[in-house]
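Colleague: Chain residues, written in single-letter form:
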Amino acid sequence: DAGVTQSPTHLIKTRGQHVTLRCSPISGHKSVSWYQQVLGQGPQFIFQYYEKEERGRGNFPDRFSARQFPNYSSELNVNALLLGDSALYLCASSLGYPEPSGANVLTFGAGSRLTVL
Amino acid sequence: AQKVTQAQTEISVVEKEDVTLDCVYETRDTTYYLFWYKQPPSGELVFLIRRNSFDEQNEISGRYSWNFQKSTSSFNFTITASQVVDSAVYFCALSPTSGTYKYIFGTGTRLKVLA
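Same order as they appear, the protein sequences are chains A and B. Residues 1 to 117 in our numbering are what the first sequence spells out, letter by letter. Residues 1 to 115 in our numbering are what the second sequence spells out, letter by letter.
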């Protein structure tokens, strides 16, 4: 089975531009989460979606938005890019909200590395 | 507030040495989950282990072992007989069992295993 897939893997943008990152969860997984990982830091929670509804949002400005589609794939959008948005953006999927076991184990993709110049 | 602290930023060991990665957490929740993830240079976070706050039984899995002590809010991870392939950044994470199931990650410990 394919794991969590993210696209694009790398991209370079300039300040003020907009970016869309895409994520396909593991087949059968209905929840998708997004994390931002700045170089040298741990991932920071941005959003969680389940059944196309936002279930959680981290401490990020309104320039960040996301959505989940009927096939459970997801997009993360960032408007008016700033230099500080340069990071690895990780998508993670899990079975449910929470998982039947209650543990909500996340399976991560390899990420989209965004560089803002 | 919830917080995860990994005080060791980088550890270097020689192959076949044992190494312990430290993790200390803070939470007011009575139930929670703790995780360890490994991040190789490829960038993908790889799940290693999950622990429920009710389960303080320590575990050994191959060369990996975990020591969960609720009294000291610590969840340490040990690799026995380290190998070069163990070189990666290791993250400890905390997640509540209700509400927004977000992970709170530590800043990670970079492990370098030298041949």
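Source of the hints: derived by calculation from the structure; they are not laboratory data. Treat the hints with care, since some could be wrong.
Each computed DSSO-like pair below joins lysine-lysine, with the alpha-carbon atoms no more than 30 Å apart [as the list claims (entries may be wrong)]:
{"#": "1", "chain 1": "A", "residue 1": "Lys-52", "chain 2": "B", "residue 2": "Lys-112"}
{"#": "2", "chain 1": "B", "residue 1": "Lys-112", "chain 2": "B", "residue 2": "Lys-16"}
{"#": "3", "chain 1": "B", "residue 1": "Lys-70", "chain 2": "B", "residue 2": "Lys-38"}
{"#": "4", "chain 1": "A", "residue 1": "Lys-52", "chain 2": "A", "residue 2": "Lys-13"}
{"#": "5", "chain 1": "B", "residue 1": "Lys-112", "chain 2": "B", "residue 2": "Lys-70"}
{"#": "6", "chain 1": "B", "residue 1": "Lys-38", "chain 2": "A", "residue 2": "Lys-30"}
{"#": "7", "chain 1": "B", "residue 1": "Lys-38", "chain 2": "B", "residue 2": "Lys-16"}
{"#": "8", "chain 1": "B", "residue 1": "Lys-38", "chain 2": "B", "residue 2": "Lys-112"}
{"#": "9", "chain 1": "B", "residue 1": "Lys-16", "chain 2": "A", "residue 2": "Lys-13"}
{"#": "10", "chain 1": "A", "residue 1": "Lys-52", "chain 2": "A", "residue 2": "Lys-30"}
{"#": "11", "chain 1": "A", "residue 1": "Lys-30", "chain 2": "B", "residue 2": "Lys-3"}
{"#": "12", "chain 1": "B", "residue 1": "Lys-3", "chain 2": "B", "residue 2": "Lys-70"}
Colleague: Which numbered hints does this structure break?
Modeller: Numbers 1, 9, in rising order.
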